[in-house]
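Student: Here's the letter readout for the chains.
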Amino acid sequence: MKFSQILVCICRLLFPFMLLFGFYIIINGHLSPGGGFQGGAILATAILTTSLIDNEKLANLNLLVKFEKYLFIGILIIVIASFFTRGEYFTNFLPVNSDMNLKKIFLVILNFFIGIKVATGLVAIFSIFIEEGR
Amino acid sequence: MNMMNIVNLLSMLLILISITIIISKDNLKLIVFFSAFSLISASLYYLYKSPDVALAEVAIGSAIIPLIFIISISKQREFVVISHVDDDFLRNCGLIKGVGYRILEDFTNYYGLKLSIYSNDIGKLYGIFRQRDVDLIIDKCPNTENYLIKGKESSILMNKLEQITEKYDRVVVLKVREGETYD
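Protein chains in written order, with the UniProt record's numbering: chain A, 1 to 134; chain B, 1 to 183.
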């Protein structure tokens with residue numbers, strides 16, 4: 001598909017700001033509305049619109065799809081880490097009576113991994129949908 | 001104007017837009033209306049004090065869903081042909097056109113489709129884990145030197161293709177049943 005020059009230019013201009021906003025929502029997820037899913041959806045929107053309009057910029061979506069599978073192992077490791085420190089799954093891996101500012105680390109890490117996972121998952125769905133029948 | 005007035009106004013606009021979506025016939029216009037619908041509903045979510053849902057609605061409803069519709073509309077008008085022949089039959093360079101290319105061009109112009117021909121490259125991996133959806137396969141019979149055009153039996157377009165190819169004596173149309181192999 002051939003797109004007009006104005007659209008391509010605006011798309012290139014907006015791409016870093018969309019990425020920035022997505023990462024802001026992911027990393028601030030434990031303090032403000034939003035979090036992993038919402039930020040991941042914004043990241044996926046940025047990647048998909050750029051790859052559809054400006055073909056040369058993001059040529060290889062398959063690399064992101066491969067990256068998704070390794071991220072899943074990361075989420076599992078974070079979730080299971082609490083078994084070795086506290087003795088039960090799916091909770092914070094820091095001790096119960098530790099400082100509140102320290103406990104936030106768990107939420108930030110989990111939000112970050114979930115955000116990247118959602119973004120790459122949506123990109124995977126789309127790259128299958130775009131290349132169907134080609 | 002207090003907040004309740006804004007909410008009422010936006011709700012009325014939402015109803016109007018949804019009626020327009022149902023009535024309108026033009027597909028591309030409909031996508032723009034759909035995008036406006038989800039933006040207005042996102043602002044309504046924000047006014048009803050759930051900014052969490054509004055963020056997800058803005059990202060998904062106003063960008064990803066219109067993208068899905070645009071891609072599927074542009075896919076609808078494509079006619080995929082795979083060729084296994086490597087001579088002049090399907091050549092297209094300016095004024096000189098092969099016989100087969102002229103047949104397919106007439107056929108796709110009749111139905112207003114976009115013709116796209118791919119050569120034989122089954123070894124390449126397209127997509128991630130799915131088969132390609134093919135409309136026609138063009139082959140050459142080694143014994144009789146005839147060109148074979150294979151298509152699905154269930155497709156209605158094949159009858160028109162048979163009518164066109166009646167004039168050419170070296171071109172044969174074969175109808176393949178749905179489950180049989182494609183290679």
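No lab work stands behind these hints, which were simulated from the structure alone. These numbers come from a predicted model, not from an experiment. The beta carbon of each residue, even a glycine, is placed where N, CA and C say it ideally should be. One or more hints might be untrue.
[Said to hold, decoys possible] Chain B side only, calculated, beta carbon under 8 angstroms to chain A, not exhaustive: (1) Leu-44; (2) Leu-47; (3) Pro-51; (4) Asp-52; (5) Leu-55; (6) Ala-56; (7) Ile-60; (8) Ala-63; (9) Ile-73; (10) Gly-151.
[Stated by the list, open to error] Across the chosen pairs, the derived CB separations fall in these ranges: (11) B:Lys-175 x A:Phe-72: 40 to 48 angstroms; (12) B:Ser-116 x A:Leu-102: 55 to 63 angstroms; (13) A:Val-96 x B:Ser-50: 45 to 53 angstroms.
Student: Against each hint, give a clear statement of whether it holds in the structure.
Tutor: Each hint tested on the structure:
About 16 angstroms separates the beta-carbon of Leu-44 (chain B) from the nearest beta-carbon of chain A, more than 8 angstroms, and the hint is not met. A hinted interface residue such as Leu-47 (chain B) counts as satisfied when its beta carbon comes closer than 8 angstroms to some beta carbon of chain A; here the least separation is about 14 angstroms, so the hint is violated. Hint status for Pro-51 (chain B): holds, given a least beta-carbon distance of 4 angstroms to chain A, under 8 angstroms. With its C-beta approaching chain A no nearer than about 4 angstroms, Asp-52 (chain B) sits inside the 8 angstroms limit, and its interface hint holds.
Using the Cβ-Cβ criterion of 8 angstroms, the hint placing Leu-55 (chain B) at the interface with chain A is satisfied: the shortest such distance is roughly 4 angstroms. Taking 8 angstroms as the C-beta contact cut-off toward chain A, the hint placing Ala-56 (chain B) at the interface holds, the least distance being around 5 angstroms. Interface hint status for Ile-60 (chain B): upheld, as the beta-carbon distance to the closest one in chain A is roughly 5 angstroms, under 8 angstroms. Because the closest C-beta pair between Ala-63 (chain B) and chain A is about 4 angstroms apart, less than 8 angstroms, the hint holds.
Given the 8 angstroms rule on beta carbons, the hint for Ile-73 (chain B) is violated: about 12 angstroms separates it from the nearest Cβ of chain A. Interface restraint check for Gly-151 (chain B): the shortest CB-CB distance to chain A comes to about 15 angstroms, outside 8 angstroms, so the restraint is violated. Remark: the range hint 40 to 48 angstroms for Lys-175 (chain B) to Phe-72 (chain A) is upheld by a beta-carbon distance near 45 angstroms. Take Ser-116 (chain B) and Leu-102 (chain A): their Cβ atoms lie about 58 angstroms apart, and the range 55 to 63 angstroms holds.
The hinted window of 45 to 53 angstroms between Val-96 (chain A) and Ser-50 (chain B) is violated, with their beta carbons roughly 31 angstroms apart.
Of the numbered hints stated above, those contradicted by the structure are hints 1, 2, 9, 10, 13, listed in ascending order.
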